[in-house]
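Using the working numbering, read the sequence shown as starting at 1 and increasing by one per residue.
Do not take every clue at face value.
[Unchecked claim] List of simulated lysine to any residue pairs, SDA-like, C-alpha gap at most 25 angstroms:
1) 773 / 678
2) 277 / 30
3) 664 / 288
4) 144 / 309
5) 223 / 10
[Stated by the list, open to error] Computed beta-carbon distance windows for the label pairs:
6) 663 / 542: 33 to 41 angstroms
7) 714 / 795: 26 to 34 angstroms
8) 694 / 491: 47 to 55 angstroms
9) 837 / 12: 19 to 27 angstroms
10) 570 / 438: 38 to 46 angstroms
11) 306 / 815: 46 to 54 angstroms
No lab work stands behind these hints, which were simulated from the structure alone. Glycine included, C-beta positions come from ideal geometry on N, C-alpha and C.
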Amino acid sequence: MPPSDFAKVDVDDIVEKLTTDEAILLTAGVGFWHTHEIPRLSIPAIKVSDGPNGIRGGHFFMSTPAKCLPSATALGATWDTDLIEEAGLKLLAGEAKLRATPVILAPTCNIQRNPLGGRSFESFSEDPLLSGLIAAAYVKGVQKGGIGSTIKHFVCNDKENDRMGSDSILSERALREIYLMPFMLAQKYAEPWCFMTAYNRVNGTHASENHRLLQGILRDEWKFNGLIMSDWFGTYSIDLSINAGLDLEMPGTNKWRTLDLMNRSIGSRKLTVRAIKERAKKVVELAKRVAQEAPEILDGDDIERTVESDEDKILMRKLAAESIVLLKNDNSLLPLQPQNLKKVAIVGGNAQAIILSGGGSAALKPSYFVSPYQGIVNALPAHVEVTYSEGASTYMEMPTLDFDLTTPTGERGWIGSWYAHENDESMTPMSTPMETQLVDETRIFISTSVPKNITRRWTMKLQGQLKPRDHDCTFEFGLTVSGRAKLFVDGELIIDNWTRQRRGESFFNSGSQEEKGRVDLKAGVRYNILVEFCNVKGPAHGDEDEVVQDSNPGVRLGGAEVRDPDVNMAEAVKLASEADVVIAVVGLNADWETEGYDRKTLALPGRTDELITKLLAANLRTVVVTQSGSSITLPWADSVPAIVHSWYLGNSTGDAIADVLFGKKNPSGKLSLTFPKRLEDVPSHGHFHSESGAIRYGEDLFVGYKHYQHRRISPQFAFGHGLSYTTFAYADLQLSAPVVANSDFNLTATLTVTNTGNVTGSEIVQLYVSMPKTSDVTHPELILRAFRKVRDLVPGASQQVILTLDKYAVSYWEESITKWVVERGEYGVKVGPSSCSLPLEATFVVNRGLEWNGV
1 MPPSDFAKVD VDDIVEKLTT DEAILLTAGV GFWHTHEIPR LSIPAIKVSD
51 GPNGIRGGHF FMSTPAKCLP SATALGATWD TDLIEEAGLK LLAGEAKLRA
101 TPVILAPTCN IQRNPLGGRS FESFSEDPLL SGLIAAAYVK GVQKGGIGST
151 IKHFVCNDKE NDRMGSDSIL SERALREIYL MPFMLAQKYA EPWCFMTAYN
201 RVNGTHASEN HRLLQGILRD EWKFNGLIMS DWFGTYSIDL SINAGLDLEM
251 PGTNKWRTLD LMNRSIGSRK LTVRAIKERA KKVVELAKRV AQEAPEILDG
301 DDIERTVESD EDKILMRKLA AESIVLLKND NSLLPLQPQN LKKVAIVGGN
351 AQAIILSGGG SAALKPSYFV SPYQGIVNAL PAHVEVTYSE GASTYMEMPT
401 LDFDLTTPTG ERGWIGSWYA HENDESMTPM STPMETQLVD ETRIFISTSV
451 PKNITRRWTM KLQGQLKPRD HDCTFEFGLT VSGRAKLFVD GELIIDNWTR
501 QRRGESFFNS GSQEEKGRVD LKAGVRYNIL VEFCNVKGPA HGDEDEVVQD
551 SNPGVRLGGA EVRDPDVNMA EAVKLASEAD VVIAVVGLNA DWETEGYDRK
601 TLALPGRTDE LITKLLAANL RTVVVTQSGS SITLPWADSV PAIVHSWYLG
651 NSTGDAIADV LFGKKNPSGK LSLTFPKRLE DVPSHGHFHS ESGAIRYGED
701 LFVGYKHYQH RRISPQFAFG HGLSYTTFAY ADLQLSAPVV ANSDFNLTAT
751 LTVTNTGNVT GSEIVQLYVS MPKTSDVTHP ELILRAFRKV RDLVPGASQQ
801 VILTLDKYAV SYWEESITKW VVERGEYGVK VGPSSCSLPL EATFVVNRGL
851 EWNGV
């Protein structure tokens with residue numbers, strides 16, 4: 001029968017008919033992205049694909065060009081659940097269908113515990129309410145489009161170093177009120193089809209083996225009835241994970257749940273067939289749901305496609321612009337008036353770079369990209385002269401050469417030739433390639449995308465020509481590899497990352513450190529580039545093992561002209577001194593913020609801070625645009641007149657930045673996390689790292705802004721902060737009488753917001769609650785409990801805003817009785833535009849307490 005006909009099956013009947021071996025097969029994936037097919041019972045294979053800021057499809061290597069949405073921190077900065085739901089429906093669900101993918105691995109809604117976390121950019125916020133409601137909107141939109149969502153990583157996956165072995169040790173209150181809360185809210189309001197477990201331990205037990213988390217909380221308390229899958233290679237046992245409730249092990253490469261091992265576990269009574277069929281049943285139920293919601297995918301041709309429409313591009317640009325946060329705007333320097341400008345200096349290492357996302361699972365190949373430089377140039381009239389200088393480099397590894405290599409026939413890219421070896425264990429490649437293809441990328445993460453029937457050990461040769469320079473120069477190459485590689489230029493060995501290596505953190509911690517080599521280039525000359533790459537990791541000092549990289553092979557070639565840093569900076573300063581206005585675009589990129597390892601500093605790279613200081617000395621009309629997925633330190637913030645934080649904005653980066661700079665878009669984004677003045681002010685500083693496998697959450701409940709308020713520490717920019725090109729007044733806060741009935745709580749806050757400025761603008765109203773001071777329990781001073789976006793308020797207009805508080809707004813977790821509790825007493829309410837600006841205050845009294853469980 002057609003795969004879509006599986007929508008009509010009786011799941012219990014199917015599960016009853018499963019043989020033990022078939023049930024075992026269903027509990028683990030096949031390859032990297034599919035569940036197991038059981039043809040005898042017409043159970044279709046289900047394909048999944050990475051999010052969270054776009055749908056990459058079934059390949060890391062030469063993936064299908066796709067829409068890259070803003071990073072999760074940027075989506076959180078919109079504070080706009082309606083817009084996020086629209087993006088989920090119109091962009092993400094549509095992209096999933098174009099990739100023949102009925103289930104996406106997104107969203108990530110872990111907490112921004114520390115901005116050094118390598119994947120911080122993937123999570124929405126440091127606040128659990130904002131995280132949970134944005135996540136719920138994301139899930140709702142995607143699933144309205146008939147695509148399943150897999151919310152992740154359940155739970156406390158808040159850092160990257162030692163992520164598979166570390167133990168997140170925290171109090172039950174912090175676990176419940178901070179780290180589980182976003183998942184709880186998403187389950188309450190959106191009911192994701194799937195949950196994905198975290199890599200780490202939680203209070204002693206790996207998440208994928210944690211019966212209390214998976215069965216006790218997720219299924220029994222929250223009534224989740226969908227599928228629970230592991231993160232990729234995040235399963236560490238057979239019987240423990242099965243019995244804890246982990247339905248699906250992913251991927252199907254190097255898996256634990258093989259027929260042999262599972263049957264041996266049954267024979268030793270570590271597992272029962274009943275438990276295995278319980279896990280398999282959830283996979284069958286997911287297959288049925290896919291057949292019901294996305295039959296066209298199951299019956300389709302499984303070809304991945306790229307389609308762009310004007311409507312989609314408009315929404316992408318809007319989504320990016322709505323997330324931008326205007327941090328500072330002294331003397332109304334912004335918006336810039338193009339008609340009054342004659343010369344604009346664009347400066348900074350991020351201005352012309354292709355920076356659209358953080359790295360790792362979130363990375364994808366964009367179907368189009370507009371750089372900040374190009375977006376600004378496109379927005380300026382023809383009479384404005386634009387000058388450019390990098391000023392100071394911001395890259396960690398040498399920039400990729402995706403647009404600097406050509407084939408002999410002039411196509412962009414280089415030619416990759418695959419060679420099987422004499423046998424599976426030999427290191428000798430055959431003389432004739434078994435497959436040849438055009439490769440249009442120089443960061444090549446092959447993963448499992450290798451030719452069929454190739455030997456276990458294989459070689460790939462990549463050959464192209466470096467585009468000629470228009471002047472003589474010295475060029476520096478950088479070569480990183482998961483496996484081993486050599487770089488030749490015109491036949492001369494330039495880099496040997498083959499014979500002996502230095503272990504590094506690249507390619508999900510399986511790669512080498514970058515090795516560099518220099519070549520003197522003559523103007524107008526094309527140089528032949530050859531990289532020889534083998535998927536067997538070479539020996540390193542102290543580690544002589546030569547390991548086959550069967551799931552993580554990759555090679556990365558980067559390069560750039562060698563320039564004297566002092567000359568580079570002096571050039572930028574000179575251009576700044578000659579311009580009417582300076583736009584400096586600086587920040588991080590996917591090398592600094594990525595899955596696989598944590599950041600080591602909050603500082604901007606290299607000499608960036610020095611560059612900004614010197615630009616300001618040369619021209620007081622300097623606007624700084626920062627790019628990062630998480631917070632960064634800005635030691636010059638008090639001196640620079642205008643600062644725009646743009647996160648990672650995806651395909652429409654440059655257009656969205658230009659829209660804000662030139663006033664086409666009045667900024668309305670608000671920070672989804674605190675920007676500290678220094679690393680030492682971060683709540684988890686001093687106990688963020690894994691010490692002998694333990695990570696102690698010593699800040700407890702005081703995460704993010706709650707810590708800064710509790711310790712009376714002034715941040716650089718507070719959680720919820722964000723300016724506009726207009727001004728707003730708050731007035732007339734009124735609270736209804738609280739109602740406690742039927743195990744619930746209800747209270748309505750009403751206020752008026754007025755646009756007191758000269759242009760139309762949108763404002764995000766934030767309501768914070770303080771718990772009773774008579775309580776014997778420790779509480780943060782203020783907790784975000786509601787927010788609402790007031791859209792497009794014209795000058796002089798007022799709008800009434802209604803915010804509803806439910807039981808979540810007044811509850812805390814009482815460990816002694818393992819329940820949520822609403823205390824009797826007087827509660828405070830503060831309302832305003834940010835966590836540090838709350839002009840309206842009121843109180844209400846709860847006369848009858850409440851205890852509850854569930855959602």
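Right, here's what the structure says about each hint:
| no. | hint | result |
| --- | --- | --- |
| 1 | 773 / 678 | 31 angstroms, violated |
| 2 | 277 / 30 | 18 angstroms, holds |
| 3 | 664 / 288 | 47 angstroms, violated |
| 4 | 144 / 309 | 20 angstroms, holds |
| 5 | 223 / 10 | 22 angstroms, holds |
| 6 | 663 / 542: 33 to 41 angstroms | 58 angstroms, violated |
| 7 | 714 / 795: 26 to 34 angstroms | 32 angstroms, holds |
| 8 | 694 / 491: 47 to 55 angstroms | 53 angstroms, holds |
| 9 | 837 / 12: 19 to 27 angstroms | 57 angstroms, violated |
| 10 | 570 / 438: 38 to 46 angstroms | 41 angstroms, holds |
| 11 | 306 / 815: 46 to 54 angstroms | 51 angstroms, holds |
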